[in-house]
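J.: If you read the sequences in order, they're chains A, B, C and D. In this text, residue positions in the first sequence follow my numbering: the first is 643, and each later residue adds one. In this text, residue positions in the second sequence follow my numbering: the first is 643, and each later residue adds one. In this text, residue positions in the third sequence follow my numbering: the first is 643, and each later residue adds one. In this text, residue positions in the fourth sequence follow my numbering: the first is 643, and each later residue adds one.
Bear in mind the hints are in silico, worked out from the structure with no lab data behind them. Don't take every hint at face value.
Given that identical chains are not distinguished, each listed pair holds provided it fits within a single copy or across any two copies.
Think about it this way: if two alpha-carbon atoms lie no more than 27 Å apart in a straight line, the pair counts; the simulated BS3-like pairs of lysine-lysine are [stated by the list, open to error]: (1) K726 <-> K885; (2) K665 <-> K787; (3) K657 <-> K885; (4) K977 <-> K769; (5) K677 <-> K726; (6) K670 <-> K719.
What you are looking at is a predicted structure, and each value in this text was computed from that prediction instead of being measured.
4 protein chains.
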Amino acid sequence: MDRTAIVSVLEEFNKPLQIREMKIPELKPGQILVKITAAGVCGSDVHMYEGRDPRLALPMCLGHEGVGQIVEMSGEKQTPLGEKINEGDMVIWNRGVLCGDCYYCTISRQPSLCVNRWAYGIHRSVKIPPHLNGCYADHLILHEKTDIFLLDDRDSAVYVPASCSGATAAHAFEYARPKLKTGDTVLIQGPGSLGIFLVAYAKASGAGRIIVTGGTQSRLDMCLEFGATDIINRHNHTPEETKEIVLSITHGFGVDVALEASGSLGAVTDGMPLVRTGGAYITAGFGEPAGSVEFPWFENIVRKNVNLQGVWVSDTRHVLEAVRTVQMNYENFAKIITHRFSLEESTEALESVASREAVKAVLIPPNKKFMSVKALTLPV
Amino acid sequence: MDRTAIVSVLEEFNKPLQIREMKIPELKPGQILVKITAAGVCGSDVHMYEGRDPRLALPMCLGHEGVGQIVEMSGEKQTPLGEKINEGDMVIWNRGVLCGDCYYCTISRQPSLCVNRWAYGIHRSVKIPPHLNGCYADHLILHEKTDIFLLDDRDSAVYVPASCSGATAAHAFEYARPKLKTGDTVLIQGPGSLGIFLVAYAKASGAGRIIVTGGTQSRLDMCLEFGATDIINRHNHTPEETKEIVLSITHGFGVDVALEASGSLGAVTDGMPLVRTGGAYITAGFGEPAGSVEFPWFENIVRKNVNLQGVWVSDTRHVLEAVRTVQMNYENFAKIITHRFSLEESTEALESVASREAVKAVLIPPNKKFMSVKALTLPV
Amino acid sequence: MDRTAIVSVLEEFNKPLQIREMKIPELKPGQILVKITAAGVCGSDVHMYEGRDPRLALPMCLGHEGVGQIVEMSGEKQTPLGEKINEGDMVIWNRGVLCGDCYYCTISRQPSLCVNRWAYGIHRSVKIPPHLNGCYADHLILHEKTDIFLLDDRDSAVYVPASCSGATAAHAFEYARPKLKTGDTVLIQGPGSLGIFLVAYAKASGAGRIIVTGGTQSRLDMCLEFGATDIINRHNHTPEETKEIVLSITHGFGVDVALEASGSLGAVTDGMPLVRTGGAYITAGFGEPAGSVEFPWFENIVRKNVNLQGVWVSDTRHVLEAVRTVQMNYENFAKIITHRFSLEESTEALESVASREAVKAVLIPPNKKFMSVKALTLPV
Amino acid sequence: MDRTAIVSVLEEFNKPLQIREMKIPELKPGQILVKITAAGVCGSDVHMYEGRDPRLALPMCLGHEGVGQIVEMSGEKQTPLGEKINEGDMVIWNRGVLCGDCYYCTISRQPSLCVNRWAYGIHRSVKIPPHLNGCYADHLILHEKTDIFLLDDRDSAVYVPASCSGATAAHAFEYARPKLKTGDTVLIQGPGSLGIFLVAYAKASGAGRIIVTGGTQSRLDMCLEFGATDIINRHNHTPEETKEIVLSITHGFGVDVALEASGSLGAVTDGMPLVRTGGAYITAGFGEPAGSVEFPWFENIVRKNVNLQGVWVSDTRHVLEAVRTVQMNYENFAKIITHRFSLEESTEALESVASREAVKAVLIPPNKKFMSVKALTLPV
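The whole structure should be built from the sequences, with the hints applied where relevant.
T.: So this is what it looks like as structure tokens:
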């Protein structure tokens, strides 16, 4: 009897996602079938839903963030830590699949920049074998080159953000860490999932003051639980007032490192003047083109001898750091999973993220399969 | 009326220290007179007392670790953070005075290696102006090139270790930090004051497992309060058992970074095999020659591609990091000040350190001056 | 009998410099009297002459670049390499004087960012003791905190650029070096003195291709002698053509590191798209405010994961690197000293730099003093 | 008609290698058949020949260093630089094949430490498919995970050393480069192929003085052509004299970085005292266990705050750097290929390396196949 998967499919931009039943194909050597236990709804999913991401080809099963349980393996596999992976294991994985052959994989040691990198739920339509290419589904087939980590038996939904924002934040913090001394001051712009992870990394890097700026008070308050020492709501303070506060905290110097996690050009122009002479500005919040920024070059960059770093996605190292960070702060991270939806509520889930109502929303696929769903009209 | 200082003086090696009264000279431009509120008794003071440190010339007022209150300033002075220093301020300072002119100060950016560096309580006998050159006294005169930091109004004795072991540990950890990812495993050999600070830095660097090895159970237990996750008492485990434990904790890899804080060559030879391939070994516990070490070069260093770093003393950056670390963990650091002595008990204080009875012993000079003390027979 | 110095003084912006005779004061402890043998005319001197540099207070003896011979020393002094300095020695020095006490000097190890840094010929008017504060003169008094290096007996004028553009270029290249592998491609924007030094550093860092862009063909040609492999004259190629050339040289990747040495915002916006994904852009050519730059943030910085570094002035380490670079390429550097003027021709010298006629212009003060000059009306 | 390969096989340790004819199998997907044009005879091949390398299983076709021409490809392949590889191309490759999945490949970015790494001519006996696993042959089959670079049409034999000693030297120099300033002093111990490459890298890193120590005068002389400034023959100077020479060159400091390329423990103990305080010692010359080293820990490591780095093999990045270095110094590298042998002279080639007669010996396989050779008695 054929096995089937339940998949939530984006068939038309800005139209409700459709629940479809798809045949689970025979696994090719190296492939791994995973039962998704929780899938994350990322802010960039909203952009994809709206047709603003050029990487997408329809029909698409969205979902690049996921955790699940191994159902079937075609061959043996180990984690990067050398642990044998078995059927039944709860796992998380690097959402990006790397070629291992290009300049960035073999020469420059910047694997997140792999020229052939593709991500589940973004680059491969459901038309492309093995079809189960996204996490908004009850099953996913992992490519043989996917790096996989074992999870413990706590609620797997809590680990979902580790696969995207947690990993990207780890990548951003990789640039911050060597620039920080014990007790230094870190500024984080944007208290979403990315920013919350940055607070956790800053705390775990010995920062003495962790300042978070943003516009959603409930999220700013949540940052305090992760170790933020100061929160500034931009609705209550002008940029000038924010600068005064930051300077008063930092003996007039400005922050040692600022990390942008908002995806807003306004954050960039407001944030650079808050960095001390000789400090660093790291920009990690942009997932797509956002237009041009304009700022005084000499004053912001040259005279202050500032180091500025762009951050694009993440690699396997960062997923491991994110998973460990959740493990060490499980109770706090459990609180950021504010919304849980069924697969059928995929569209509502996207809306909860678009409205910033949810800090983090996850889809929980059914444990039992649907009795009756409309067959997907695709040659699969 | 002449002002006088009470000084505990080492006049002869291995003989009790003598309490002497010395005239406080007029301050030269840039000098600062400090009332010592607490002075640390360092393990290396014991070596000096025993005549094993070639840097020493008698008669000597020992004490390179100290905190105190500004009594008088000859000129203006700021902290490195730009704060104005005033009479009455509680302060701590870099125990080493650097020339600012040599290769290490101006070219290689390794100021702790300054070729003209000297430290209070070590390099300058009481015969050398301004005579009040050590912290085993109720007054000290700071040299104009001394870097000074302000303290808060909590018990100043708790900050004493920041000026020596805390700073040296910060220097050692400066090499560890860029090699660590979130959740990595750190091994610390030696649970004394140096090792305890290393535990605190490891905790503040996101280490997932912090293993401490040593021979004094009470100190190992204290490390747990600072964040150690695993302690191994070498009286209960052979080196082979220790290796097994470490490998079992680290998926068979070995630790990412090991830090030696014991000053024992046995720690070096036992510790290097515990480092993972591609890891780092940092040796910070030696203050004086300790003989030759012998180990297999290919197996320990080459095949494992290990990075090994020697650590000598510290600089002003490290004092700041240590002070901040005490500030962020004040309650715990208060516990390591296990013994307090009067100046008259200086010799007993040295004995409490020599016997490892004290984790950290401090001298608390009198607030009022002695009524009658034998005049020091020196041309001061 | 009073000793006198001949000084070229800027008394009014945009007016010819005046030759004045000034009394050479008694040296204070630590001061060193130098007979200037050659002084550099920097592009920023032109800005100062025009009143565009807010650091300047008139009357001013310009000249932050100089070499000379020790005439008199008040006390002993060593070079940072530990060599004793003697009267009669030919020397060069760090044009910036650092405090040694501030955050940047003692904590962050970024001494060029010293909050109290001042430079000969820029920050101290001739009214400020010891009055001989600039290099457009036959004598200069070095401050006791000045770091000094010995020169060999070759033409000292050739070493002049080492004290400013050579040192700043060394600072810029300090950020480039750890990002370069053997045979990588470096882009340098601007073939002036700064850019020429950058070519020399790139050559001495194993770069395989060194591309220089600029608008003055003779300077571009000169870069070829220093090791440039490709020169692109912007008068002959549109930015799009330049991009095509750069991509064709670099397998379509773009350059590994680009260094801006032109002080032009157009260079910034043209240059960033030439950097490969994961590469670096270092901006060192700006000495004063130049307005706002505008560019696409996501495309230039985030998606390409680019590292961008601002560079402000230099420190003593960089002067040493620059001097060594001239020593190793003496014959080539001799060619860039295209113009030599007497002190009386200071204004013409500035014009030769303003017009870009000179690659590098130097003033050669007289060996004998002027017989008759108008006394400077200053209380000195 | 079956295609056959001519292979020089080590069937018994310390016995002459045997010329065998082997069938060339059908290529599996991803495999590439190469016609070897030159194979290097490495010092470690001598150890393998003598049975001292535990990685070896007989019968073995030695030869981990090789260059050749693509004969047949099973599938498409690009270089890490994105160039399409075609039949007929002259190529070189990373001698080590990495798994791409382990901790070192995916997490720690130290791919040369891959736990599953294997090398042509070392780890895989001729019994293991595809049997043509070593370079002492006229044909080799490259594994699909092998990273390959294109060569130009100059004599391919000159590129042979780039695949082993040149790559390992690049790996060693990767640790040296960030520690060097322009004009610094580098010491290289051992003037063999590894040391010669280190001289080239030091030259290409702006070193001002490059000192080489060794025992073979002709090789030391050859180092001068690559840029060494000082050579010291240990047969003419005691270690004390060598130290005096080094200190006299370095203002009494010692060298900034020393690189061991001799594989001798005596070099280690002699070399560490030549490193300046704050300098680095990098050991790259050992390919197998060599016993224990004994030295004073405090004096060599701690007091001098020395950084010591072990170096094990190399990765693809290093092969690229080595190839580029040969390209940029082709005429000089052509001189180090001092001996050329036919495949039938494999044993003599090993002897020429064992006796240190050859700087670099290569095997040049026949362009035409042998008419009559004894069939290899293996089930292949």
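J.: Could you run down the list of hints and mark each one as holding or not?
T.: Hint by hint, here is what the structure shows:
1. K726 <-> K885: Answer is between; shortest inter-copy Cα gap is 23 Å, intra-copy 51 Å.
2. K665 <-> K787: Within one copy, since 23 Å is at most 27 Å while 33 Å is not.
3. K657 <-> K885: Result: close neither inside a copy nor across copies, 43 Å intra and 41 Å inter.
4. K977 <-> K769: neither (37 Å within a copy, 58 Å between copies)
5. K677 <-> K726: Within one copy, since 18 Å is at most 27 Å while 39 Å is not.
6. K670 <-> K719: both (14 Å within a copy, 22 Å between copies)
Checked against the numbered hints listed earlier, the structure breaks hints 3 and 4; every other hint is satisfied.
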